[in-house]
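Q: Chain by chain, the residues run as shown.
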Amino acid sequence: MTDIMHDQVTISPTTLSIHLTINGRDHALDIEPRVTLLDALRERLALTGTKKGCDHGQCGACTVHVDGERVLACLTLAAQVEDREITTIEGLADEDGTLHAVQAAFLEQDAFQCGYCTPGQIMSAVACIREGHAGSDEEIREYMAGNLCRCGAYPHIVAAVRQAAKELRP
Amino acid sequence: MRDFSYLRADTIEAARNASALPGAMLLAGGTTLVDLAKCGVAEPSTVIDISHIDGLNTIDITPERAVIGALAKMSHVADNVEVKSRFPAVSEALWQAASAQLRNMATIGGNLMQRTRCPYFRDPQNFPACNKRAPGSGCSAIGGVTRGHAVLGVSEACIATYPGDLAIALVAFDAEVHLGERKLKVEDFFLAPGATAEREHDIRPGEVITAIEIPGSAAARRSTYIKVRDRQSYEFAAASAAVGLELEADGRTIRDIRVALGGVATRPWRARAVEDTLRGKALDEHIVREACELAMQGAVDHGANHYKIALAPRVAARAILKLGETA
Numbered sequence: 001m002t003d004i005m006h007d008q009v010t011i012s013p014t015t016l017s018i019h020l021t022i023n024g025r026d027h028a029l030d031i032e033p034r035v036t037l038l039d040a041l042r043e044r045l046a047l048t049g050t051k052k053g054c055d056h057g058q059c060g061a062c063t064v065h066v067d068g069e070r071v072l073a074c075l076t077l078a079a080q081v082e083d084r085e086i087t088t089i090e091g092l093a094d095e096d097g098t099l100h101a102v103q104a105a106f107l108e109q110d111a112f113q114c115g116y117c118t119p120g121q122i123m124s125a126v127a128c129i130r131e132g133h134a135g136s137d138e139e140i141r142e143y144m145a146g147n148l149c150r151c152g153a154y155p156h157i158v159a160a161v162r163q164a165a166k167e168l169r170p
Numbered sequence: 171m172r173d174f175s176y177l178r179a180d181t182i183e184a185a186r187n188a189s190a191l192p193g194a195m196l197l198a199g200g201t202t203l204v205d206l207a208k209c210g211v212a213e214p215s216t217v218i219d220i221s222h223i224d225g226l227n228t229i230d231i232t233p234e235r236a237v238i239g240a241l242a243k244m245s246h247v248a249d250n251v252e253v254k255s256r257f258p259a260v261s262e263a264l265w266q267a268a269s270a271q272l273r274n275m276a277t278i279g280g281n282l283m284q285r286t287r288c289p290y291f292r293d294p295q296n297f298p299a300c301n302k303r304a305p306g307s308g309c310s311a312i313g314g315v316t317r318g319h320a321v322l323g324v325s326e327a328c329i330a331t332y333p334g335d336l337a338i339a340l341v342a343f344d345a346e347v348h349l350g351e352r353k354l355k356v357e358d359f360f361l362a363p364g365a366t367a368e369r370e371h372d373i374r375p376g377e378v379i380t381a382i383e384i385p386g387s388a389a390a391r392r393s394t395y396i397k398v399r400d401r402q403s404y405e406f407a408a409a410s411a412a413v414g415l416e417l418e419a420d421g422r423t424i425r426d427i428r429v430a431l432g433g434v435a436t437r438p439w440r441a442r443a444v445e446d447t448l449r450g451k452a453l454d455e456h457i458v459r460e461a462c463e464l465a466m467q468g469a470v471d472h473g474a475n476h477y478k479i480a481l482a483p484r485v486a487a488r489a490i491l492k493l494g495e496t497a
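Sequence lines, in order, name chains A and B. With our numbering applied, the first sequence covers 1 to 170. With our numbering applied, the second sequence covers 171 to 497.
Don't take every hint at face value.
[Claimed, not checked] Pulled a few chain B residues facing chain A out of the computed Cβ check, cut under 10 Å:
1. Met195
2. Gly199
3. Gly200
4. Leu453
5. His456
[Said to hold, decoys possible] Just the calculated beta-carbon pair ranges, DEER-fashion:
6. Thr366(B) <-> Glu43(A): 56 to 62 Å
7. Leu29(A) <-> Gly210(B): 36 to 42 Å
8. Glu43(A) <-> Pro289(B): 47 to 53 Å
In short, the hints are calculated from the structure, not lab data. None of these values were measured; they are calculated from a predicted model. Virtual Cβ for every residue (Gly too), placed ideally from N, Cα, C.
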């Protein structure tokens with residue numbers, strides 16, 4: 001950030017030059033202050049695995065991790081997360097292509113139909129398990145409620161999260 | 171979304187100075203501001219990012235009180251072990267609000283500044299008339315679809331429902347909001363619309379919320395938050411109740427009771443008539459149900475929201491009776 005201020009108030013220029021750390025890689029970009037993390041990922045960095053559904057924080061399709069916690073990229077300004085660690089669906093599998101346990105469980109349990117909500121579901125599920133909120137089907141449903149699936153694959157999504165939770169937190 | 175200048179405040183002092191700039195708005199979690207900017211409702215000329223200020227996200231709990239920093243995340247407060255044991259209604263109100271992702275973003279201070287979900291307020295293109303957005307322009311909700319609108323604290327200028335959950339628990343337990351030097355009851359922080367629907371909070375230019383403080387009490391320890399809604403999760407309240415209960419040594423006479431309602435009023439609504447009636451009475455289902463009806467004194471419906479007048483007292487009674495069952 002060029003205009004970090006301390007006790008003085010400084011108005012930033014119209015275009016901000018920022019660095020984002022995404023999946024362990026540093027990206028430099030010039031953006032307008034209003035650009036969301038979601039638009040920066042999709043339109044500027046070609047990381048289109050993160051989906052734009054409602055763009056108003058109501059569907060969960062744009063779920064990513066910031067400093068290890070799941071958040072919505074559509075309501076996050078890119079400038080706000082300049083010095084945070086951002087993880088998207090592209091950064092989940094190992095370098096050699098080995099899928100994350102949650103990705104594998106979604107395949108095994110057939111936990112999607114059209115697939116549009118799936119990256120958000122998976123990013124949300126990884127965090128849900130890590131938070132310790134996947135202890136029962138009821139708890140999984142409550143803590144995955146922020147991810148809508150218009151195909152209605154919910155029973156299989158719950159099964160996938162349950163399976164992955166068993167593997168990751170036995 | 172109209173573009174704006176972005177600046178980052180690294181200290182509370184800098185945030186205070188910057189927030190006094192014309193057209194400036196504070197950005198913490200962004201879940202309200204970024205959303206409303208996309209709707210064309212919020213049009214800041216400058217966005218002041220306060221989310222990087224150090225030391226404002228602490229959760230400090232003693233038997234006497236909880237002091238929660240303005241930048242503490244909703245999810246962290248909800249999962250805090252001490253909050254769960256000493257202020258269960260606060261934890262329950264938080265985890266039943268929004269979604270896990272939004273709770274990881276949204277802060278406690280920002281939560282108090284959350285705006286109404288009135289669909290007319292949120293849609294300036296189709297509904298130019300809104301006294302909250304444009305004072306004196308009228309109210310599109312009155313005469314419109316009102317299923318989600320308030321029945322308590324309404325005026326001819328505005329019937330928009332206060333949408334939050336946390337503040338319902340806060341007003342029940344006499345919490346205060348810290349605005350730097352100035353401290354005031356959360357209950358007084360929220361303003362009913364009256365003839366000035368655009369003024370929702372008692373906050374002045376240059377003031378920044380730094381913390382909330384909740385006094386500890388027996389009623390806060392034995393408390394709960396019940397939220398009834400159209401979906402089981404991830405939905406705003408049709409009616410909700412934050413309730414706290416303290417019984418005498420006989421185990422059935424009510425010594426202290428707190429009742430506050432959400433989803434039915436234009437601001438977080440403390441139901442003092444219910445509390446005053448029940449204090450000193452036996453915890454009896456019939457007495458509780460009858461007393462809870464008093465919460466709806468002065469209620470005004472606009473057709474489709476009539477059901478709230480029947481629903482809210484039942485939610486409050488259910489919460490009280492649930493607490494009675496837990497010894």
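Q: Run every hint past the structure and note whether it holds.
A: Hints, verified against the model:
{"no.": "1", "hint": "Met195", "result": "violated, 12 Å"}
{"no.": "2", "hint": "Gly199", "result": "holds, 8 Å"}
{"no.": "3", "hint": "Gly200", "result": "holds, 5 Å"}
{"no.": "4", "hint": "Leu453", "result": "violated, 29 Å"}
{"no.": "5", "hint": "His456", "result": "violated, 32 Å"}
{"no.": "6", "hint": "Thr366(B) <-> Glu43(A): 56 to 62 Å", "result": "violated, 41 Å"}
{"no.": "7", "hint": "Leu29(A) <-> Gly210(B): 36 to 42 Å", "result": "violated, 26 Å"}
{"no.": "8", "hint": "Glu43(A) <-> Pro289(B): 47 to 53 Å", "result": "violated, 29 Å"}
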